[in-house]
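Take these sequences, add in the hints, and give me the full structure.
Residue numbers (UniProt numbering), protein chains in the order written: chain S, 1 to 654; chain B, 1 to 654.
Source of the hints: derived by calculation from the structure; they are not laboratory data.
One thing to keep in mind: the hints can contain errors.
Said to hold, decoys possible - With a Cα cut of at most 25 Å, we get these calculated DMTMM-like pairs of lysine to aspartate or glutamate: (1) S:K362 <-> B:D389; (2) B:K54 <-> S:D559; (3) S:K362 <-> B:E211; (4) S:K64 <-> S:E306; (5) S:K425 <-> S:D165; (6) B:K244 <-> B:D176; (7) B:K497 <-> S:E539; (8) S:K417 <-> S:E337; (9) S:K497 <-> B:E539; (10) S:K479 <-> S:E643; (11) S:K425 <-> S:E599; (12) S:K54 <-> B:D559; (13) S:K455 <-> S:E469; (14) S:K536 <-> B:D60; (15) B:K497 <-> S:E635; (16) B:K362 <-> S:E599; (17) B:K362 <-> S:E469; (18) B:K221 <-> B:E211; (19) S:K276 <-> S:D389; (20) B:K455 <-> B:E435; (21) S:K550 <-> S:D620; (22) S:K497 <-> B:E635.
Here's the letter readout for the chains.
2 protein chains.
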Amino acid sequence: RALTMVNETQQTCSASSSSRSDGGSSSGSESSKDNSRCSTPVLDADRHERLREKMRRRQDAGDKWFSLEFFPPRTANAAVNLISRFDRMGAGGPLFIDVTWHPAGDPGSDKETSSMIIANTAVNYCGLETILHMTCCNQTKDDITRHLQKAKRLGLKNIMALRGDPSGEEWEEEVDGFNYAVDLVKHIRNEFDDYFDICVAGYPKGHPEAESYEADLRHLKEKVFAGADFIITQLFFRPETFLKFMKDCQAIGITCPIIPGIFPIQGYHSLRQLVKLSKLEVPQEIKDVIEPIKDNDAAIRNYGVELAVSMCRELLDSGMVHGLHFYTLNREVATTEVLKRLGIWKEDPRRPLPWAVSAHPKRRVEDVRPIFWASRPKSYIYRTQEWDDFPNGRWGNSSSPAFGELKDYYLFYLKSKSPREELLKMWGEELTSEESVFEVFTCYITGEPNRNGYKVTCMPWNDDPLATETNLLKEQLEKVNRRGILTINSQPNINGKPSTDPIVGWGPSGGYVFQKAYLEFFTSSEIVTALLKVLKKYELRVNYHIVNVKGQNITNAPDLQPNAVTWGIFPGREIIQPTVVDPVSFLSWKDEAFALWIEQWAKLYEEESPSRMIIQYIHDNYYLVNLVDNDFPLENCLWQVVEDTFELLNSPTQ
Amino acid sequence: RALTMVNETQQTCSASSSSRSDGGSSSGSESSKDNSRCSTPVLDADRHERLREKMRRRQDAGDKWFSLEFFPPRTANAAVNLISRFDRMGAGGPLFIDVTWHPAGDPGSDKETSSMIIANTAVNYCGLETILHMTCCNQTKDDITRHLQKAKRLGLKNIMALRGDPSGEEWEEEVDGFNYAVDLVKHIRNEFDDYFDICVAGYPKGHPEAESYEADLRHLKEKVFAGADFIITQLFFRPETFLKFMKDCQAIGITCPIIPGIFPIQGYHSLRQLVKLSKLEVPQEIKDVIEPIKDNDAAIRNYGVELAVSMCRELLDSGMVHGLHFYTLNREVATTEVLKRLGIWKEDPRRPLPWAVSAHPKRRVEDVRPIFWASRPKSYIYRTQEWDDFPNGRWGNSSSPAFGELKDYYLFYLKSKSPREELLKMWGEELTSEESVFEVFTCYITGEPNRNGYKVTCMPWNDDPLATETNLLKEQLEKVNRRGILTINSQPNINGKPSTDPIVGWGPSGGYVFQKAYLEFFTSSEIVTALLKVLKKYELRVNYHIVNVKGQNITNAPDLQPNAVTWGIFPGREIIQPTVVDPVSFLSWKDEAFALWIEQWAKLYEEESPSRMIIQYIHDNYYLVNLVDNDFPLENCLWQVVEDTFELLNSPTQ
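In structure tokens:
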């Protein structure tokens, strides 16, 4: 019946057909049945489309795009850095990133540095559309199927199918084995049907091992006809190389997108190495420039950027190129510079939701999260990765509130970007009292240097400097932290600001966003006792949850129901309420929030040292408190609550 | 894991145990695990509790209540009247109503007047907690099981288990048959476990056929011990009769609630008949008053009310009685008068949701509906009765938008309360043009009499006078209806009024309610053509759906997504959005809205008559339009849209 109804809409209204065709994409008839019962109203098509559809849509809209290639790092520390690079470069709006397959590095394993796990991180934790490379030569069918199954399970939806470099000098074709990329393409389509989008490699100069340029083109056509969705090319040095290649491809019937691989020259040695591996020849005009400046890294990089920009411009201007693929060599500066100069680096301050969405297909409909993990979204994603359903529309509907436990693996992803020495400088080489802890919190809020002259740019609960939104509350936060209300999360109340507001806006334009004021902090049991007395005066207005490390819990939440604290109203959509204060999740968060005192802070100090014992004391005796002011149209009363608490503490009868 | 977390909350916080016990029922630890993932945050416990739990909660809170007994009517017309009586008397807040079982009237059938169907209507369409009586003598086990299964399927959750009057002079016990009510109680518990709440009858003077008062008490105890949850008594004339009975019950170990049956004397003949049937004796002091005034109905009723009020007061003052059960004899005045004088008739203007909720357990979580059926909630409930899941939190999540078709049965429940002659007076004995139809709409809006001096108090799309909320828009509505914008549904925009607002408020107190302006109307294709041109200017602000009887549909709804048009923000809860404009449902509503022109209006006139042809013309050629102004914080622009449309129509170029 639903189908019938939607079909009825496809009749054209004769009286008004003109106005309807004017309506363009806003006309209802263009929606699929699936969309008509869409359960994630706020999010754009990006979250639902396959990569090949996104590519097509961007091309149809004349909207140029770029993508970024990375390789897996060697060490866990390098992995932490690469992940922050994903976050930073992800902000520029790549259509996808891809992660190369290192057969020597146990690429399908669960190691923190494996290709599989790095790609997993990009998709799930950084929310990036990701292509995982995979090579097939010297591997069994079973191995490959296992890798693909694992990739699918982890939420990867795109594979770059490659042959890889045969090991051993005398490589011979195996009968029924994986000899060429085309075998892998066929295998993926056989075993996984249309699940994956498949990318294959194109060689603008022909593959070095191919009999001829023409023979190589025919191989490429085979790969495409076996089921590849698009082509990324090997790097090249002159735009005409690519444009000729593209025309030749089209001439033999290859119609899928062909994306030029761009290599901004970043240094003399990296260029030499790449050329050696790829067996490409560097044109004389480039050699002529580089040789004289080969010891001047900066000069070479400037030249490389210049060269890449001019080549990209020529490609884009040709009208044949809609997207550019960058071989980043895991570096940030040159590629970012090229992209910014081309004007296709687009930092979009508008967020579909107040928090960064994950790209795992399981999480496509997710649009509600507890506020507690606002500064630790990766931890939230990690701890909920085993969920089958994600809350959508309402938190209370989610099937399971069971949060995964903290494990080493988890701690790796969430470990601080700063090394121990730096943390000690920020948080104190030696703590003398609880007050010295108050000082660290205060310095983090104010941005002022601590007594040893170091700025506190991160905290165990927040690996980044204070959010812009929190800055709105800076003055009040400073005041309360000084007095031992150790804040770790907060938001101001908002009564209907435009969804395009640069600081608090999110979601489609034309909407209005709202917030209830929120404050979360650690504090002593003495303060909690006074606070509870004060809260009685605010009983109908303020909801509170107060818990210690042992799980002793005090709350006035009705029926342990979640409290929506961020929501948005948009044209033609259902209401979105992306963050809630959920009393049940709070008890899982509590475990994590208390553990961070020990794992990230106490363990910086020697066992039995006074500094460690101070942190341990706080961990054992303080309470974690959250407060919500339900009266969002009025002035935030939470500061008054805290003020009243201190007044009560200081009153003579106390 | 969830369980563990909730359990942790049950530890008592030593540092603050005092403040916690002060917290009383607001403390989180008192919530069940089930509640902690409650998916209907806004609604009170009423929607989740069983009748016996509600009874207990009201008793614990010292909150006196009442219930109302009705019998099934003989004719379909009488059923329509009884249903409106359910609605009116339901407004006074009965804890439940009960419907007697008429063995002679095919009580378990699908007839409009059967006990089963009347009880079904009370639960599903009127949203009343309902007890269905059931008698067992002279019935087979299979019959009874079938009746119970049907009752369960229809959403009935409470049974009054009775023996019933044996037919035939010489009644003999059947071996293994249903000889007494206790057999029925045992059968229900055997076959349906704890599904039903079971009520049994108590006889304050002893059952007339019992060997003795004491023997009858023992029978009652058997019924309770077999699984009955509470007792309703036969009527009695003196409060001490009941109080003695209650003490005697308690003395032999009956501890369940015992609810006195109150019979306000409403007339001489009804009293005589009842006395005859129940074999009760009327006390001399009552006879003495009644006999001299037996021909004065009003005097007897006044006396009856007086007598009932004083008896009820005595019962309530005894402290032993928490609820009163009224034998209404399907009449309204006397019982309502008694209840009002006792102060337990409580018209609560606060609504849990903007629309009346249904009491079927399947619909417990329902909290979103399309706005189209706002004036026809019974039709909506009927047409969605086959759904397994009801939208909750978000419309888009509901599994099936398949609406049941209009059928005779449906038309019965939704037929107008007014007879044909009255409708003709309101809507015109003779229509001469489309303008005479405009006039009817205009008179309905203004409340002014039509040209023949009759007030238009209902319309095919709305069987009641204009809602208070719509009154806010009266002036504008009058203007547009005069010009052929025939409005059938509308709401003003609201930007955060208190949830306790007497006109637009709903949900728990302390919250804020919001609305987007909505306007729905029939209009000619000429006006639609102009309207569509005007709507281009409002493209980003106004969402529209325009459809004719053939289903030709024009809309700018993004991806056919629903648009939330009523929502509320409450302390400590998730967001509730109880009404949406759903593009898919609109096409089902369209069928119904167009059909009403013919079924309710055109058919009043002779076939081929000019009046009928005018309505038929409108039905065949007009469009049904709905408009939403998404910019709820600004002044409603929909009137301007209509104004612009008429301006365009009147402009010389048109």
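Any of the earlier hints contradicted here, and which numbers? 3, 5, 6, 16, 17 and 19
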